[in-house]
Amino acid sequence: MKRVFPILLIALLLLVPVLSMHAEDGRYVYADDDILTEAELQTVNARAAEIASTRGVGVYYFFYSAVEDLPSYIREFAEEHVVEENALVLGFNENYYYFLQIGPVAKAALPDSVCDGAILDAYRAVKGDPERKLLAYLNAADDALAAYFETQSGLIPSGTSDLSGVPANIAMTDGGKPTVVDREHLLTDREAEALSQRLKEIGLEYRCDVVVVTVPRLDGKSAEAYADDFFDYNGYGYGAVPNAQGTTIDGDGILLLLSMEGRDFAISTSGSAIKAFTDYGIQVYLEPQFLPYLSNNNFSDGFDAFADGCEYLLKTAREGVPYDHRRIYSEALSDAQLLIFNDRAESVANASGIGIYLLENAAADDPDAFLSDFIRERLLESNAIVLVNSPSGCALRVTGSLAQAKFTDAKLDSVREAVEPHLNRDAYSAVAAYLDVCEKIATDYAHILTNDGALPEATLRSVNDRLKQLYLEHGIAMYFLCDDTSDPSALARTFLDSGKVYEGNAVVFGTNGSACSVLVRGDLAREKFSEKRIAKLVKEVGPYLSAQDLSGALDAFAARGEKIMNWRPMNWITLFVAVVAGLLFGFIPVSGMKRQLISVNKKTSAETYMEPASFTVTQNSDLLLGKNVTRSVHVVHTESSGGGGRGGSGGSSFHGGSSTHTSSSGGTHGGHSGKF
Amino acid sequence: MPQQLLEYRCPACGASLQFDSGSQQVVCPYCDSTFSPQELIDYDSFLKEDAENETSDSWSKDAERWDKDEATGLNVYTCAACGGEVLGDDTLASARCPFCDNTVIMKRQFTGEWKPDLVLPFKLDRAAAQDAFRKHLHGKKLLPKAFHSESCIEEIKGIYVPFWLFSSDVSASMRFSGTRSRAWTDGGFDYVETSRYALLRAATARFNRIPVDGSLKMDDAMMDSLEPFDLSEAVDFQTAYLSGFFSDRYDVDADVSVERAKTRFSQTMTSKVAAMTSGFNSVALESSTISERNNEREYALLPVWLLHVRWNGKLYTFAMNGQTGKLVGDLPLDKGRMWKYRLLYGGLFAGILAGLCLLGHFLGCGGGCL
Numbered sequence: 001m002k003r004v005f006p007i008l009l010i011a012l013l014l015l016v017p018v019l020s021m022h023a024e025d026g027r028y029v030y031a032d033d034d035i036l037t038e039a040e041l042q043t044v045n046a047r048a049a050e051i052a053s054t055r056g057v058g059v060y061y062f063f064y065s066a067v068e069d070l071p072s073y074i075r076e077f078a079e080e081h082v083v084e085e086n087a088l089v090l091g092f093n094e095n096y097y098y099f100l101q102i103g104p105v106a107k108a109a110l111p112d113s114v115c116d117g118a119i120l121d122a123y124r125a126v127k128g129d130p131e132r133k134l135l136a137y138l139n140a141a142d143d144a145l146a147a148y149f150e151t152q153s154g155l156i157p158s159g160t161s162d163l164s165g166v167p168a169n170i171a172m173t174d175g176g177k178p179t180v181v182d183r184e185h186l187l188t189d190r191e192a193e194a195l196s197q198r199l200k201e202i203g204l205e206y207r208c209d210v211v212v213v214t215v216p217r218l219d220g221k222s223a224e225a226y227a228d229d230f231f232d233y234n235g236y237g238y239g240a241v242p243n244a245q246g247t248t249i250d251g252d253g254i255l256l257l258l259s260m261e262g263r264d265f266a267i268s269t270s271g272s273a274i275k276a277f278t279d280y281g282i283q284v285y286l287e288p289q290f291l292p293y294l295s296n297n298n299f300s301d302g303f304d305a306f307a308d309g310c311e312y313l314l315k316t317a318r319e320g321v322p323y324d325h326r327r328i329y330s331e332a333l334s335d336a337q338l339l340i341f342n343d344r345a346e347s348v349a350n351a352s353g354i355g356i357y358l359l360e361n362a363a364a365d366d367p368d369a370f371l372s373d374f375i376r377e378r379l380l381e382s383n384a385i386v387l388v389n390s391p392s393g394c395a396l397r398v399t400g401s402l403a404q405a406k407f408t409d410a411k412l413d414s415v416r417e418a419v420e421p422h423l424n425r426d427a428y429s430a431v432a433a434y435l436d437v438c439e440k441i442a443t444d445y446a447h448i449l450t451n452d453g454a455l456p457e458a459t460l461r462s463v464n465d466r467l468k469q470l471y472l473e474h475g476i477a478m479y480f481l482c483d484d485t486s487d488p489s490a491l492a493r494t495f496l497d498s499g500k501v502y503e504g505n506a507v508v509f510g511t512n513g514s515a516c517s518v519l520v521r522g523d524l525a526r527e528k529f530s531e532k533r534i535a536k537l538v539k540e541v542g543p544y545l546s547a548q549d550l551s552g553a554l555d556a557f558a559a560r561g562e563k564i565m566n567w568r569p570m571n572w573i574t575l576f577v578a579v580v581a582g583l584l585f586g587f588i589p590v591s592g593m594k595r596q597l598i599s600v601n602k603k604t605s606a607e608t609y610m611e612p613a614s615f616t617v618t619q620n621s622d623l624l625l626g627k628n629v630t631r632s633v634h635v636v637h638t639e640s641s642g643g644g645g646r647g648g649s650g651g652s653s654f655h656g657g658s659s660t661h662t663s664s665s666g667g668t669h670g671g672h673s674g675k676f
Numbered sequence: 001m002p003q004q005l006l007e008y009r010c011p012a013c014g015a016s017l018q019f020d021s022g023s024q025q026v027v028c029p030y031c032d033s034t035f036s037p038q039e040l041i042d043y044d045s046f047l048k049e050d051a052e053n054e055t056s057d058s059w060s061k062d063a064e065r066w067d068k069d070e071a072t073g074l075n076v077y078t079c080a081a082c083g084g085e086v087l088g089d090d091t092l093a094s095a096r097c098p099f100c101d102n103t104v105i106m107k108r109q110f111t112g113e114w115k116p117d118l119v120l121p122f123k124l125d126r127a128a129a130q131d132a133f134r135k136h137l138h139g140k141k142l143l144p145k146a147f148h149s150e151s152c153i154e155e156i157k158g159i160y161v162p163f164w165l166f167s168s169d170v171s172a173s174m175r176f177s178g179t180r181s182r183a184w185t186d187g188g189f190d191y192v193e194t195s196r197y198a199l200l201r202a203a204t205a206r207f208n209r210i211p212v213d214g215s216l217k218m219d220d221a222m223m224d225s226l227e228p229f230d231l232s233e234a235v236d237f238q239t240a241y242l243s244g245f246f247s248d249r250y251d252v253d254a255d256v257s258v259e260r261a262k263t264r265f266s267q268t269m270t271s272k273v274a275a276m277t278s279g280f281n282s283v284a285l286e287s288s289t290i291s292e293r294n295n296e297r298e299y300a301l302l303p304v305w306l307l308h309v310r311w312n313g314k315l316y317t318f319a320m321n322g323q324t325g326k327l328v329g330d331l332p333l334d335k336g337r338m339w340k341y342r343l344l345y346g347g348l349f350a351g352i353l354a355g356l357c358l359l360g361h362f363l364g365c366g367g368g369c370l
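Chains as they are written, first to last, in this note's numbering: chain A, 1 to 676; chain B, 1 to 370.
In isolation and in its complexed conformation, chain A is listed as follows (with noise of 0.2 Å):
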């Protein structure tokens, strides 16, 4: 409705450029002709042009007798003066009066209630004279707006006086509002000076003010809704554009709230902001970056920490990819698109250990310089293929052993060959090929590979998943090979020299039907599989080759790889101590022989000697003498995600950019709050 409503306007405009003339001369009343002089017009004009400008809300007044339907008439009337983007219109024609409020700020601040009673009613005191009714009307709208602004915010609505009590040396945002606004003098006047330098060079160089407030309390409301009506009430914003009720619209900005009383912060992004700092990016980066500080009351370090890491998140988004836990990312998809790309993208890192990541970046000059950074900060995974496609080219890159060794140049150009198509044109199937092609070469896991045509598709699916298992488990890949080979010895050697096992720790089983042979790589698995073990693994698995059963040797290798695999040192110190505990278990019962021997003690008690009815409670009473309260940093013991490998699976609670919300002034914020 709000955007509907400017353009129904221009719309009408620029139709009818004629009757727009009154608005344009700043007429909020219109009369019939005799009853108004021009003098008097003028003044009660000047008093509404008045209001409208401090309120941001146009009052109109049109007394026609001759319109009969007058609820349409004045809709019509509206459309053509009405001007501002919140206003009241009363009208009259002979025997009745129409209020129509529009806009959100009109019609909260102006309700029925308000009009009918108090407006009304200050309008009819006045008899006679219509000059003293009509000001009388206009006085009335602008006390029940300042009483609504009042309450709203206990921000003066036109924003200044607020920001009133800011020392000179305080540097101002491009729109001129201090960038420190340091009610609690938590900072030196130096620390303050130096702060909001920092944080000016930081808006001007992103175009996006970054403002930090403290207050000492929030009078009612919730952080986040204060840090948002300070934000849109002050006029905050980049490019902000001051609209009609002295608050900003579209302004880029993110301020940082703190208020003392509760130990409350909270974070308002705005405009493009929103978008640069994601709610993985604030929750995640940002505030483990400066919170501690501020916990420990450090407040000038914490604050020169915020300033760094909001620097970071808008130079990452400046560079075409704002920092989030997403694994693809890009412009032209929706957030839906993202979300089910994303889920995808996450499941395949956690069985796999690789990370697939594809970020359309329209802003990179440089993928490949794009692509070495976002590898170097921003992977989730150690093991990954990462993607970058840009306007000036596409990088592709695989980082981590294993990651490497699954793709192959020869997988690399695959996964090309499946993509290039797409790029450029069609990014949701580009992304949807890519993710193809590279789920099936990163889970891709044959260890069992025979010329045997005979054995079943489920069995070798499933003996395959269970070594897959232990590999995960353990770091030892075992591979089975059956061919007819004359030198089951070199098909083993073979193959591991080949490339394809790129496992640092590896058993590979070869074995022509009659004799195997079994080789050992990487001292993990050398550990494990000693001759012995081997030798039993192999005493196992041949009578089954023997008697032609491929399914059952294959069941006896992974059974016997899995004992082998759990296999673990027994652990001495563990006995030892057990024994000893034992030995000194020993002493317990015989110190209870020990006392049967002695039988002579002294008494030092006389209970029984006390007549039970006769103890009699004379005084029993708590006197307090005082208390004292402690306040400590609560500790949060959290497990950490491990970093590398399989990481990831921390972010599950967040869906990949922004959430936002709607503050009091109908500005749209993102952010987070909280406690420090």
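No lab work stands behind these hints: they were computed from the structure.
By construction, the Cβ of each residue, glycine as well, lies at the ideal position given by its N, Cα and C atoms.
A portion of the hints provided could be inaccurate.
As the list claims (entries may be wrong) - What the simulated footprint calls covered on chain A by chain B, stretch by stretch (three residues with Cβ under 8 Å from a Cβ of chain B suffice, anywhere in the stretch; the number is not a length):
hint : region
1    : 108–114
2    : 480–492
Unchecked claim - Listed below are the simulated DSS-like cross-link pairs for lysine-lysine, each with C-alpha atoms no more than 30 Å apart in a straight line:
hint : chain 1 : residue 1 : chain 2 : residue 2
3    : A       : 411       : A       : 440
4    : A       : 627       : B       : 272
5    : B       : 141       : A       : 594
6    : B       : 115       : A       : 594
7    : B       : 135       : A       : 602
8    : B       : 340       : B       : 145
9    : A       : 602       : B       : 272
10   : B       : 145       : A       : 602
11   : A       : 594       : B       : 340
12   : A       : 602       : B       : 262
13   : B       : 326       : A       : 594
14   : B       : 141       : A       : 602
15   : A       : 133       : A       : 107
16   : B       : 123       : A       : 602
17   : A       : 627       : A       : 675
18   : A       : 594       : B       : 314
19   : A       : 275       : B       : 314
20   : B       : 115       : B       : 262
21   : A       : 133       : B       : 157
22   : A       : 221       : A       : 275
23   : A       : 127       : B       : 335
24   : A       : 594       : B       : 135
25   : A       : 602       : B       : 140
26   : A       : 127       : B       : 135
27   : B       : 140       : B       : 217
28   : A       : 594       : B       : 335
29   : B       : 107       : A       : 594
30   : B       : 123       : B       : 326
31   : A       : 594       : B       : 140
32   : B       : 314       : A       : 602
33   : B       : 145       : A       : 594
34   : A       : 602       : B       : 157
Chain B: place on chain A using the hints.
Then chain B, alone, in the frame of chain A:
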């Protein structure tokens, strides 16, 4: 004043009478006549005029014959029955003549301030004491095996031990400082609120007849260990109960003994009152006052069987409550057996724990351990 030894003679045959703990009567071991202690008292007063002459001549304290050093606290009495000399210390009140086994009772030890208020008659005899001793040795695993066979009871003596009985209304008034804390977490901070209190607690209670051994010869701890005595069975003192037993008069004054009773009831009251301070995180005693009122003390003779046992050249003393049969006395420890048992149990536990460890290990690796 000449020392008077009193003995009761059977009105029927003239033999020396003995108090029988089983029937609670005085019996004549020769003609099986039995008398109640009261009958004997009556009979005794009947013979009173004769007794005057007889006793004053027959018994005399003969301290002059001993050197001063040697004689300190030692007296020689002459047995009325055979004329033999009975040696005893200052406090000896009744004894047996080592020559003719007659009971002699020194009457002077029970007169004036030394007259007991109560006597608790023996209920168990010598045989019961022997049984109790054998039972006491039973089931003691660390007692040297040889103690059972080689130990010999050198002496069993029934003694009336002098006890002071103290009764009092005790009030305890104590002041503690206590703290109570409350913790909560709000907005990323942990808060701890500590409240400090002064706790005032007072209580009174009646303690009845706390027995304190009034004889220096008796080990205090051993006498304590014999408790409890059921003093409701105690009777007014009559010398007749003493026939056949040894007895002492007190040689620790009531004023000295009362300190031990005080220690005991103070300890009980303090712990009872301190127990009323629950619900605090920390409690520390600040001050404590104990006062007694309505104090009473009684002087009583309580029955104790004393056993002296010799083993391996050492003397072990045991005491049995002559009323309840409770026997106390520390026994020697067989160190060899102690270590044997320690190793036995220790090995057992060590085996179990090691077994569990191995079992856990084998289960943990799925039986794949080769």
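query: Within a Cα-Cα threshold of 30 Å, do residue 133(A) and residue 157(B) meet the stated pairing?
result: violated (128 Å)
query: If you draw a straight line from the CA of residue 627(A) to the CA of residue 272(B), is it 30 Å or shorter?
result: holds (28 Å)
- request: Compare the distance between the alpha carbons of residue 115(B) and residue 262(B) with 30 Å, and conclude whether the hinted pair is satisfied.
  value: holds (24 Å)
message: For residue 135(B) and residue 602(A), compute the direct alpha-carbon distance and say whether it is at most 30 Å.
response: Given pair residue 135(B), residue 602(A) holds - Cα atoms ~23 Å apart, limit 30 Å.
message: Next pair to validate is residue 594(A) with residue 335(B); report whether the Cα-Cα distance is within 30 Å.
response: holds (10 Å)
task: Below or equal to 30 Å on CA atoms is what counts here, so check residue 127(A) against residue 135(B).
output: It is violated: about 122 Å lies between the C-alpha atoms, which goes past 30 Å.
message: With the threshold set at 30 Å, check whether the alpha-carbon distance from residue 314(B) to residue 602(A) stays at or below it.
response: Between residue 314(B) and residue 602(A) the Cα gap is close to 23 Å, so the pair holds against 30 Å.
message: Next pair to validate is residue 107(B) with residue 594(A); report whether the Cα-Cα distance is within 30 Å.
response: Distance ~45 Å between residue 107(B) and residue 594(A) Cα, so the pair is violated.
field: Given hint residue 594(A) paired with residue 141(B) - CA-CA distance at most 30 Å
entry: holds (8 Å)
- request: For the pair supplied as a hint, residue 627(A) and residue 675(A), confirm whether the alpha-carbon distance does not exceed 30 Å.
  value: Judged against 30 Å, a Cα distance of about 25 Å means the pair holds.
- prompt: Within the assertion that chain B covers the region 108–114 of chain A, do at least three residues meet a Cβ-to-Cβ distance smaller than 8 Å?
  reply: It is violated, with 0 qualifying residues against the three required.
task: Mind checking the alpha carbons of residue 140(B) and residue 217(B) for me, to see if they're no more than 30 Å apart?
output: This hinted pair holds, its Cα atoms lying about 28 Å apart.
In this structure, the earlier hints numbered 1, 2, 6, 19, 21, 23, 26, 29 are contradicted, and the remaining ones agree with it.
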